[in-house]
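Please build the complete structure, drawing on both the sequences and the hints.
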Amino acid sequence: MASEDQSNTPLQVIAASMGFGGVKVLTDVDVTIEGNGIVALVGPNGAGKTTLFNVICGALKPSHGEVFSFGEKMSGLSTEAIAGHGVFRTFQDLRLFRSLSVRENVCVGLGRSLRKKATVDKVDGLLEELDLASFEKVRARDLPHGAAKLLTVARVLVHDPKVLLLDEPGAGMDIQAYECLAAALKRRHDLPVILVEHNLDTVRDLASRVVFLDGGRVIADGPTDEILSRDDLAAIYFGSGGGSGVATDIAKDHE
Amino acid sequence: MAYFETVVVLGIASIILAVSLDLLIGVAGLFSAAVGVFYGVGAYTASIIWLHWTSDLLVALVAAFIVGGLLAIPFVVPALRSKKEVTFVVASLAFASIVGEVFASWNSVTGGYTGLYGFPVATVFGIQIPPGLPLVIVSTILVIIVIAGKELLARSAWGLNLRATRDDERAASSLGVHGSWLRIQVAVVASGVAALAGVLYAAQVGFVDPSSFTLGESELVAAMVVLGGLGSLYGPVVGAIILTAIPAGLTFVTIAPEYLGLIEQTAFGLIIVVIIIIRPDGIMSGLGRVRARLRPFEISRRRSDDGF
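Residue numbers (numbering that gives the first Met the number 0), protein chains in the order written: chain A, 0 to 254; chain B, 0 to 307.
Hints in this document: simulated from the structure, not taken from any laboratory. Values in this document were obtained by computation on a predicted structure and should not be read as measured data. Worth double-checking, as some hints may not be accurate.
[Said to hold, decoys possible] If you only want the chain A side, here are some residues facing chain B, beta carbon under 10 Å, derived: (1) 89; (2) 95; (3) 104; (4) 106; (5) 113; (6) 114.
Just so it is clear, CB atoms sit at the ideal spot from N, CA and C, and this is done for glycine as well.
Pasting the structure below:
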């Protein structure tokens, strides 16, 4: 399955399937992130978006299929090893290190490189860029929501990811925090990003391509404007489609 | 005044045990009931070295740290394979029972219930360190090194990753942190540190037997850590001093011997209850920590979630 140009492909999910107790949560999902920029993963609740993230990052092992990043096989590796290959993710439910300060949250996983001035400068720069400098010593559990969301992004950007997976980074943010996040992502236009997002204005604003997931299957994949103007997809997104919500609930229970 | 010096050296040993347990609970979020047993491992290791090889105190300290750490491996590695904290607690209880039984039964090495005694006065660089003031000085130096070492570890990149794992292991692993491996390392180091305290015990008391290294000792150390405040710099130190000073102070009060035990236990219990009511997070918790005041904020949804 591996080809020569696979080594230049940031992320390739090949025929990933995932099921629990006979309920299919993902079915033969193929997603390839070929270039840079932001690809949005869109779909109704229960479409399998977060499950796909968990499969890519090694939190869930797919029952079938494989995941590659720059030609290296990710499926079967531990989450730590996958992070070691430069694939980083944020979580929908924040999962900050609550008793640690904002600065400490950003420094987790940096190890010995924290002794280098360049690393400390990078941390300082990110805190500044994501409007977190004034919260530097505040414990994560005491942060306002917008700053907490930005911290989840700072925490992964500091690792210079090769591929970034963002799970609803803008949800519940005030406009100021959102603009800060959007600017940070646009500044990194050469970084391959997969974005799970419910807010379609955000998708229009940030993503150049949309992969539409429903019932654990990819049902559309194309340029943002084209996908978001399709009435059939709108009907699924807002209407009666996406009957697999129960399946995803089961998936979440198994994590 | 030999009694006072004994209280001081054993008090310092308690501080070392409390610091060791705080490294586990406060930094790594792991509770171990085997601290008292590793205290015993250190005491027995020192006694055996002094009886059979050399009277050198430093050799005994290094050996106790290594033996304590190595002995922790067969217990912590399987226990930490489970992500559930309660597994570690139960495994530590089981381990404590097994090692306690070994202390009491392995007559040829530990002397069984009779214990080990008659070892020479410990030496450092050839200078004798008898129980009393010289040992108080050496113990003080050791406890300062242990406290400083724990602080350095807790504030290092290693300690940061460990604290992150304690808060959210899944998030930490998504940032490349190997939580299980870090927990094994910290449990080994903490066990080695607890064993150091045992060396001081053996040097001061001049005699070791299984009765001093029981689960009761582990409970006492846990009370010290909780009372002082988890994960704080001076918390374990303050907790250990208070819980060492209470029984020591009561011996100066004229109490009929038949009531001494009752009054001691009651005073112990009352003080713990009162402190927990007044300062539920421990005496030293939150002291000296300036909490930044947050600016008022409002959570507002940026735009509607509607689209298309």
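How the hints compare with the structure:
1. 89: With a minimum Cβ separation of about 9 Å from chain B (threshold 10 Å), the hint on residue 89 of chain A holds.
2. 95: holds, 7 Å
3. 104: With a minimum Cβ separation of about 8 Å from chain B (threshold 10 Å), the hint on residue 104 of chain A holds.
4. 106: Where the cut-off is 10 Å and the nearest Cβ of chain B is about 6 Å from residue 106 of chain A, the hint holds.
5. 113: The hint holds - residue 113 of chain A has a Cβ within 10 Å of chain B, the shortest such distance being about 5 Å.
6. 114: Where the cut-off is 10 Å and the nearest Cβ of chain B is about 8 Å from residue 114 of chain A, the hint holds.
Checked against the numbered hints above, the structure violates none of them.
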